[in-house]
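Listed below, chain by chain, are the residues.
Protein chains: 2
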Amino acid sequence: MGDNVRIVIDTIGGDNGAAVCVKGAVKAVKKNPNISIILTGHADELNKLLASEKYDESGIEVINATEEISLHEKPVEAVRKKKESSLVIAMNLLKEGKADALISAGSSGAVLAGGQFIIGRAKGVKRAPLAPLIPTTGEPSLLIDCGANVDAKPEVLVQFAKMGSIYMESVMGVENPRVAIVNIGAEEEKGNALVKETYPLLKACTDINFIGNIEARQIPFGEADVVLTEAFVGNIILKLYEGIAKMILGELKGAIMASPKAKFGGMLIKESLLEMKSKFSASNKGGAPLLGLKGLVVKIHGNSKEEEVISAIEQCRAFVENDVSGKIVKGFEESTNGD
Amino acid sequence: MGDNVRIVIDTIGGDNGAAVCVKGAVKAVKKNPNISIILTGHADELNKLLASEKYDESGIEVINATEEISLHEKPVEAVRKKKESSLVIAMNLLKEGKADALISAGSSGAVLAGGQFIIGRAKGVKRAPLAPLIPTTGEPSLLIDCGANVDAKPEVLVQFAKMGSIYMESVMGVENPRVAIVNIGAEEEKGNALVKETYPLLKACTDINFIGNIEARQIPFGEADVVLTEAFVGNIILKLYEGIAKMILGELKGAIMASPKAKFGGMLIKESLLEMKSKFSASNKGGAPLLGLKGLVVKIHGNSKEEEVISAIEQCRAFVENDVSGKIVKGFEESTNGD
Numbered sequence: 099m100g101d102n103v104r105i106v107i108d109t110i111g112g113d114n115g116a117a118v119c120v121k122g123a124v125k126a127v128k129k130n131p132n133i134s135i136i137l138t139g140h141a142d143e144l145n146k147l148l149a150s151e152k153y154d155e156s157g158i159e160v161i162n163a164t165e166e167i168s169l170h171e172k173p174v175e176a177v178r179k180k181k182e183s184s185l186v187i188a189m190n191l192l193k194e195g196k197a198d199a200l201i202s203a204g205s206s207g208a209v210l211a212g213g214q215f216i217i218g219r220a221k222g223v224k225r226a227p228l229a230p231l232i233p234t235t236g237e238p239s240l241l242i243d244c245g246a247n248v249d250a251k252p253e254v255l256v257q258f259a260k261m262g263s264i265y266m267e268s269v270m271g272v273e274n275p276r277v278a279i280v281n282i283g284a285e286e287e288k289g290n291a292l293v294k295e296t297y298p299l300l301k302a303c304t305d306i307n308f309i310g311n312i313e314a315r316q317i318p319f320g321e322a323d324v325v326l327t328e329a330f331v332g333n334i335i336l337k338l339y340e341g342i343a344k345m346i347l348g349e350l351k352g353a354i355m356a357s358p359k360a361k362f363g364g365m366l367i368k369e370s371l372l373e374m375k376s377k378f379s380a381s382n383k384g385g386a387p388l389l390g391l392k393g394l395v396v397k398i399h400g401n402s403k404e405e406e407v408i409s410a411i412e413q414c415r416a417f418v419e420n421d422v423s424g425k426i427v428k429g430f431e432e433s434t435n436g437d
Numbered sequence: 099m100g101d102n103v104r105i106v107i108d109t110i111g112g113d114n115g116a117a118v119c120v121k122g123a124v125k126a127v128k129k130n131p132n133i134s135i136i137l138t139g140h141a142d143e144l145n146k147l148l149a150s151e152k153y154d155e156s157g158i159e160v161i162n163a164t165e166e167i168s169l170h171e172k173p174v175e176a177v178r179k180k181k182e183s184s185l186v187i188a189m190n191l192l193k194e195g196k197a198d199a200l201i202s203a204g205s206s207g208a209v210l211a212g213g214q215f216i217i218g219r220a221k222g223v224k225r226a227p228l229a230p231l232i233p234t235t236g237e238p239s240l241l242i243d244c245g246a247n248v249d250a251k252p253e254v255l256v257q258f259a260k261m262g263s264i265y266m267e268s269v270m271g272v273e274n275p276r277v278a279i280v281n282i283g284a285e286e287e288k289g290n291a292l293v294k295e296t297y298p299l300l301k302a303c304t305d306i307n308f309i310g311n312i313e314a315r316q317i318p319f320g321e322a323d324v325v326l327t328e329a330f331v332g333n334i335i336l337k338l339y340e341g342i343a344k345m346i347l348g349e350l351k352g353a354i355m356a357s358p359k360a361k362f363g364g365m366l367i368k369e370s371l372l373e374m375k376s377k378f379s380a381s382n383k384g385g386a387p388l389l390g391l392k393g394l395v396v397k398i399h400g401n402s403k404e405e406e407v408i409s410a411i412e413q414c415r416a417f418v419e420n421d422v423s424g425k426i427v428k429g430f431e432e433s434t435n436g437d
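Chains as they are written, first to last, in the numbering used here: chain A, 99 to 437; chain B, 99 to 437.
Worth flagging that the hints you see were computed from the coordinates, not collected in a lab. Errors might be hidden in some of the hints.
Stated by the list, open to error - Mimicking BS3-like on lysine-lysine, the simulated pairs with C-alpha atoms at most 30 Å apart in a straight line are:
id: 1; chain 1: B; residue 1: K146; chain 2: B; residue 2: K125
id: 2; chain 1: B; residue 1: K179; chain 2: A; residue 2: K359
id: 3; chain 1: B; residue 1: K294; chain 2: A; residue 2: K344
id: 4; chain 1: A; residue 1: K344; chain 2: B; residue 2: K288
Model the full assembly from the supplied sequences, consistent with the hints where possible.
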């Protein structure tokens, strides 16, 4: 496979089954011959799905898994015990250097646990944050950490700020990304104990473009490229985004169905609305990378479709080709020396 | 004024000036003769505004203030020094029992500081939370605490749960209100250290209807009547609500203006959309009471209009007539005895 970017996809656990992974993989290798894919899962099913597709067969490999990790299992236990699950097989391929990146739509907890216990953190990295791209009125922002490390310490948040900054610059092509910390006011002296301790550390960093506090109401308007926060708050932000968007779009539908006049009006704006809806769907932005590990692990939403799989593959390619992992490790060695 | 509910309104500091307070006050006393209002602010201006209104003059009194507290002042300092400001005069009226409730659209920080230092907490109350009603697909929910006490301890959150429950039952008429704690998962063992410590304490409370965790994505669907959370997270939730709603409604406008066809469609659904927009406006739900003080202090949004002032007056009336303060104090005496 030479200089190809090798991506392993765990095909079990997503709401839409293995077919979306297979279709996404086929399209991705057709579009970019420098990508090669390994699919882990039920080999019979995968081979059958692949048989109906036309593609360069050297670009996709199938590895059979005899176990499954369900959403209801205790993540750490499941990852430790189920060595023959599609996720653990994929994790081991990444660990052994047989793949450069891993994508899974399965249990978030199991993906986080596998990342931590099988792949392990890169040198110098204290904690590995989950960092999805979230929709804004402009370009998407990176929300870091959105659930991997609750009650993290200030020095851990500073590392997240640096990782997020490297990611946005290298993978998303944002020049000198603006990093802001989520706070309950715009002024420097506001906040809880964690933010108050973290703020001066961020201010002292010379390798990031720290712009200060961001209030939650500014987040949807893209006022920072890297939206830094502790995992509990980050998870609340991510899920509230989803909840409010769902509520408003639902109410909008209700408003349109309320009268024959409005119904007719709704038909006329349907296209524009669908476009808008797709923009708000956090899941179409390529998934959430778990940063700071020895290999790239990307968690995609459980209900991901073909497009999201393709988008995640593309994100992995950019990540690997731009050596984001190497840059993160290098950044931390330098900053450790500088301490 | 006899058995009237006496409400003092600080008319300085809101974005829309004293006129909205005057108009709201006039309408409220016309509608309900059992309400009497004191307006603190620039007496000349207030009297001039009142002169053009027809109402029972015994129902509204004006008290002159020679100082103002601006949004940019340090709250605690401003409240301590500016004894002749409209807010401090109003606070003192409440403290001295010359008013039953206070409404202000001015600086949140100053309102919180005044509540704490001038009014003071009721007996048994550890901290006074700010608790706005937030819009959901059903009836509004109470979000408690949304910014008054960051880094609060578990036993403080338990008190907030009880106060919120009493409020929703007595003021909003919700029978046996469902209390849930904001968490990053539905399972009992999830969460940060604060939530993990607070959860069993809530579970052990016999005087509230604790239904467990609520994830942020469920909040907009009204899955709890009292949404309990620490102030930092609560403030993020409140402001993100505002930000995402603003973003989506802005994008919706953009989508409608995008083509002549969509523009025509938009005209047909305009009424339904305006109705929807009003539903999402958190500010029209009567403001945020600061609970657990010796008197009722209600903070309304800086950009409140006449309707919001009326709605806050109505909320104050229900609060006073139902003796919510007394019930809160009683609840805490009982639970303290029970400990």
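Hint by hint, here is what the structure shows:
| no. | hint | verdict |
| --- | --- | --- |
| 1 | B/K146 - B/K125 | 17 Å, holds |
| 2 | B/K179 - A/K359 | 58 Å, violated |
| 3 | B/K294 - A/K344 | 28 Å, holds |
| 4 | A/K344 - B/K288 | 24 Å, holds |
Hint check: a violation occurs at hint 2 only; the rest are consistent with the structure.
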